[in-house]
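Asks: Could you build the full structure based on these sequences and the hints that come with them?
Protein chains in written order, with the numbering used here: chain A, 505 to 975; chain B, 505 to 975.
In case anyone wonders, no lab produced these hints; they're calculated from the structure.
Treat the hints with care, as some may be off.
One copy or any two copies: either way a pair holds, since identical chains are not told apart in the list.
Claimed, not checked - Subject to a maximum C-alpha distance of 30 Å in a straight line, what follows is the list of computed DSSO-like cross-link-like pairs (lysine-lysine):
#1 Lys832 to Lys664
#2 Lys755 to Lys717
#3 Lys678 to Lys665
#4 Lys649 to Lys919
#5 Lys846 to Lys786
#6 Lys675 to Lys623
#7 Lys623 to Lys732
#8 Lys786 to Lys799
#9 Lys755 to Lys632
#10 Lys941 to Lys784
#11 Lys832 to Lys784
#12 Lys799 to Lys832
#13 Lys784 to Lys574
#14 Lys731 to Lys664
#15 Lys533 to Lys563
#16 Lys753 to Lys716
#17 Lys846 to Lys784
Residues per chain are reported as follows:
Protein chains: 2
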Amino acid sequence: MNYAVILAGGKGIRFWPLSRQEEPKQLLKIFGNYSLLQHTYLRISKIIPARNVYVVTNKDYDEAIRYQLKELGFCLDNIIVEISPKNTAASIGLVAKIIQEKDPDGVMAVFPADHFIKKENVFSAILKKSFALAKLNTMLIFGIKPLRAESAYGYIKINKKVSPLKRIAFKVEKFIEKPKLGLAENLIKQGTVYWNGGIFIWKASVLLEKIKKFMPRLYSVLGEKNKKSLTRKWNALDSVSIDYGIMEKCKDSLYVAPLDCGWTDLGNWNTIDFVLNRDKNKNAIYGDVLTLNTKNTTVWGGHHLVVAMGLKDMIIADTPDALLVCPKEQAQRVSEVVDILKARKRFEYMTPRLVNRPWGRYFVLNDTGRFKTKMVEVEPHRRLSLQLHQRRAEHWIVVEGIAKVTIGNKTYFVKSNESIYVPRGQRHRIENNENHKLTFIEVQTGSYLGEDDIERFEDDFERLKSHKNKN
Amino acid sequence: MNYAVILAGGKGIRFWPLSRQEEPKQLLKIFGNYSLLQHTYLRISKIIPARNVYVVTNKDYDEAIRYQLKELGFCLDNIIVEISPKNTAASIGLVAKIIQEKDPDGVMAVFPADHFIKKENVFSAILKKSFALAKLNTMLIFGIKPLRAESAYGYIKINKKVSPLKRIAFKVEKFIEKPKLGLAENLIKQGTVYWNGGIFIWKASVLLEKIKKFMPRLYSVLGEKNKKSLTRKWNALDSVSIDYGIMEKCKDSLYVAPLDCGWTDLGNWNTIDFVLNRDKNKNAIYGDVLTLNTKNTTVWGGHHLVVAMGLKDMIIADTPDALLVCPKEQAQRVSEVVDILKARKRFEYMTPRLVNRPWGRYFVLNDTGRFKTKMVEVEPHRRLSLQLHQRRAEHWIVVEGIAKVTIGNKTYFVKSNESIYVPRGQRHRIENNENHKLTFIEVQTGSYLGEDDIERFEDDFERLKSHKNKN
Chain A
505 MNYAVILAGG
515 KGIRFWPLSR
525 QEEPKQLLKI
535 FGNYSLLQHT
545 YLRISKIIPA
555 RNVYVVTNKD
565 YDEAIRYQLK
575 ELGFCLDNII
585 VEISPKNTAA
595 SIGLVAKIIQ
605 EKDPDGVMAV
615 FPADHFIKKE
625 NVFSAILKKS
635 FALAKLNTML
645 IFGIKPLRAE
655 SAYGYIKINK
665 KVSPLKRIAF
675 KVEKFIEKPK
685 LGLAENLIKQ
695 GTVYWNGGIF
705 IWKASVLLEK
715 IKKFMPRLYS
725 VLGEKNKKSL
735 TRKWNALDSV
745 SIDYGIMEKC
755 KDSLYVAPLD
765 CGWTDLGNWN
775 TIDFVLNRDK
785 NKNAIYGDVL
795 TLNTKNTTVW
805 GGHHLVVAMG
815 LKDMIIADTP
825 DALLVCPKEQ
835 AQRVSEVVDI
845 LKARKRFEYM
855 TPRLVNRPWG
865 RYFVLNDTGR
875 FKTKMVEVEP
885 HRRLSLQLHQ
895 RRAEHWIVVE
905 GIAKVTIGNK
915 TYFVKSNESI
925 YVPRGQRHRI
935 ENNENHKLTF
945 IEVQTGSYLG
955 EDDIERFEDD
965 FERLKSHKNK
975 N
Chain B
505 MNYAVILAGG
515 KGIRFWPLSR
525 QEEPKQLLKI
535 FGNYSLLQHT
545 YLRISKIIPA
555 RNVYVVTNKD
565 YDEAIRYQLK
575 ELGFCLDNII
585 VEISPKNTAA
595 SIGLVAKIIQ
605 EKDPDGVMAV
615 FPADHFIKKE
625 NVFSAILKKS
635 FALAKLNTML
645 IFGIKPLRAE
655 SAYGYIKINK
665 KVSPLKRIAF
675 KVEKFIEKPK
685 LGLAENLIKQ
695 GTVYWNGGIF
705 IWKASVLLEK
715 IKKFMPRLYS
725 VLGEKNKKSL
735 TRKWNALDSV
745 SIDYGIMEKC
755 KDSLYVAPLD
765 CGWTDLGNWN
775 TIDFVLNRDK
785 NKNAIYGDVL
795 TLNTKNTTVW
805 GGHHLVVAMG
815 LKDMIIADTP
825 DALLVCPKEQ
835 AQRVSEVVDI
845 LKARKRFEYM
855 TPRLVNRPWG
865 RYFVLNDTGR
875 FKTKMVEVEP
885 HRRLSLQLHQ
895 RRAEHWIVVE
905 GIAKVTIGNK
915 TYFVKSNESI
925 YVPRGQRHRI
935 ENNENHKLTF
945 IEVQTGSYLG
955 EDDIERFEDD
965 FERLKSHKNK
975 N
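Replies: Here is the structure:
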């Protein structure tokens, strides 16, 4: 049988301020109604049945991933939460072990959660052919046709002298990690290189053989049955990528399946240019943006008017609580900004102003420390948990739809242009039983207004036991 | 007697998005608790009694100027509202006529409302000496010592061969309007030029003689007693600056009083660099800003975190509803942005998100068209007008202080963490009778949420007859 593994543990901090610690790149709904993770799952689930798709992540994103995949009919038992993040070799090995135990001949395809693919039919066709090849014990990497000299990627040089397997898969000659721009240009001219997009297909058993040979410590950890010593040993593992730990070491048995499907990894702000439509001056624009005399500039707006005048090769990334302006050539250095903000304990590295929840979303309108105002949207037929706050009271003014509100033992129906008061220390719940969105303004007052002042008694989204507390 | 005229009719659009049509540069409280206009008045009122200070403006700013000057004990009768804006020659002539009729020997000093002066004592000393000279019928211009080659200013070349009047005032040789950068550099090297800062001192009667000679049409309009034909003739006047209309034509009788007082006109975003403290990389920063590898860049933040990375010679001006990013060399072109926004009927050229009112201020937290949320602050012992809205209801949640609320014939005291509802079509008023600020969140719902849906019945700020309707 065929299986898929989606790697969804990355932080994607180079997309700050759009991505945050609590909302990494793969969970952002940048393109329409779905996140990158959701797009990845939907793309794969056309070929592989839901019960055979695994998602690997870590504790930080477990809950958010659960909400996003539940919407799409994903099998939630297939979310694998790592004990701690140990890079891709360990993540992939972990799922390979699970698949092999279930289906010793299972073939697994590995996909990062944060890729964008324009031509899905091209992608699907190659994927099917690749599964067939992997059944013959071939180890395959997808090779992305390079569109430009790019020094941030790994390159795979193929051996053109050997005729391709089944006409589609070329033997790997060597890997070239992040070449300088000049070298990258030369490689592309030779026409025998591909980008390593991190998409792999192989039998779980074949990979585990390689892990046994090249990463014996990891192999032994994967076989550990005792939970306590598994945790200890896992935490002691080195962080090693699958490329470094396995691929480079067994390159002679590797094949490249070339792929020309409008692929883009979303690695940093520069890559978004290949996804957004560009205007005649090559500006990539999102949101309410006015450009004058501006070229080859990326502007991510969306929450208010942005005017870019006289700019060239710049990035402007604006969000309701943080703005970044830098030249494109410094896009890779955004991670340094995040490091600084984290060291300074700034909330802006952590939580976005617009927070998605399984029942809808809220937007912090202002937060003075003494009071906080939110706009809260509840999707039709969803409800927040039955909850209580020890240190704050809440005023709710319904502005759209009808809310069913429970306070203590009483139930009220609050319509648009009506309000209700939730005293401190009272059990309460708000529900949207209508077919239309419910929107209300919440004004919080109290001695402490942190999101962690919450006790939950009932929840539709399995958050009662969560290590985090949220609405 | 000595008089002062403050010219406060300018739009200052080159400070967009900080300045707006409804809140021009001179009314912005950029430096501490006072606006540029207020600073200008306070600076002058140390030397000239309040009853002798006039402010000229136009209908657009009349109301706002009234509030700002009332706070400082200014004589409100001395606000001169022009029939229509006709540039500085007409504005100054208008006040010259008023002063001359009141005091035929009166000496008047003319000040733009939007200048920043660091060394007020130096300024005051020169001002006093200049008044003394002007009493002898001398026409004086203040000459600002040039600090850099600047092609946006007018230059005055002095005649060093003629010995200075009373040792302080030099004869004017010629005016050089906005020289190219190279010429400006040469002029400054010669050491005989000053910037024309638009500060003039002369007897009202002396100026009027010059207007009679060089601008006879304006002179005749100033003498017009019939209100109707005055309006007609005023509107038919050409817009002419005092520099072009008078100064250049009578340069032989002009003297320059040099001034080295840390002067800056606030003409565009570049000039703010001379007011803000600059860091070791020459960045001029306001607000919550993180700079990395950034030089000689101006960042105006203040409403959320701004990160500037890898920038040089740039301007970032961020406000709650609009952001501008441009290189410093394009600072003069900000007016083009405003023109475009105006043509597109965008509210962002018109109204700021934080709106100052005589009773306090409000900040629009969100405005979806279907509902609007504001944070409203009322200063101690102030109150809004007694008012009514035909098309919207309002929910008020008090978050700080105590509100006295009148709805219809009833009065309520609403404390922090309490709320009250104002139905559509009901007369209402909110008052702060306490010694501390009152803050409340207002949620508006209704079929129309424009600020002009207001009927006023009583007002502490003389706004009942205003052509504009505002809270």
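Asks: For each hint, tell me whether it holds in the structure or not.
Replies: Taking the hints in turn, this is what the structure says about them:
1. Taking identical chains as interchangeable, the C-alpha atoms of Lys832 and Lys664 are never at most 30 Å apart, the minima being 35 Å within one chain and 53 Å between chains.
2. For the identical chains of this complex, Lys755 and Lys717 are intra-copy neighbours only, at 14 Å inside a copy versus 94 Å across copies, given an alpha-carbon limit of 30 Å.
3. Only within a single protomer do Lys678 and Lys665 lie at most 30 Å apart by alpha-carbon distance; the minimum there is 14 Å, versus 82 Å between protomers.
4. When the C-alpha separation of Lys649 and Lys919 is checked against a cutoff of 30 Å, the pair qualifies neither within a copy, at 56 Å, nor between copies, at 66 Å.
5. In this assembly of identical chains, the alpha carbons of Lys846 and Lys786 lie at most 30 Å apart only when taken from different copies (26 Å versus 34 Å within one copy).
6. Within a single copy, Lys675 and Lys623 get their C-alpha atoms as close as 25 Å, which meets the 30 Å cut-off; across copies the closest is 77 Å, which misses it.
7. Proximity of Lys623 to Lys732 under the C-alpha cut-off of 30 Å is found in neither arrangement, the shortest distances being 45 Å within a copy and 72 Å between copies.
8. For a Cα distance limit of 30 Å, the shortest separation of Lys786 from Lys799 qualifies both inside one copy, at 6 Å, and across copies, at 27 Å.
9. When the C-alpha separation of Lys755 and Lys632 is checked against a cutoff of 30 Å, the pair qualifies only within one copy, where the shortest distance is 23 Å, while the shortest distance between copies is 87 Å.
10. Taking CA atoms no more than 30 Å apart as the test, Lys941 paired with Lys784 passes in neither setting, with 38 Å inside one copy and 52 Å between copies.
11. For the homomeric pair Lys832 and Lys784, the shortest alpha-carbon distances inside one copy (18 Å) and between copies (25 Å) are both at most 30 Å.
12. Taking the shortest alpha-carbon separations for Lys799 and Lys832, both the intra-copy value of 12 Å and the inter-copy value of 17 Å come in at or below 30 Å.
13. Proximity of Lys784 and Lys574 under a CA criterion of 30 Å is satisfied in neither setting, with 40 Å inside one chain copy and 52 Å between copies.
14. Neither within a single protomer nor between protomers do Lys731 and Lys664 lie at most 30 Å apart by alpha-carbon distance, with minima of 48 Å and 93 Å respectively.
15. Only within a single protomer do Lys533 and Lys563 lie at most 30 Å apart by alpha-carbon distance; the minimum there is 21 Å, versus 48 Å between protomers.
16. For the identical chains of this complex, Lys753 and Lys716 are intra-copy neighbours only, at 12 Å inside a copy versus 95 Å across copies, given an alpha-carbon limit of 30 Å.
17. In this assembly of identical chains, Lys846 and Lys784 lie within 30 Å of each other by CA distance solely across copies; the values are 24 Å between and 38 Å within a copy.
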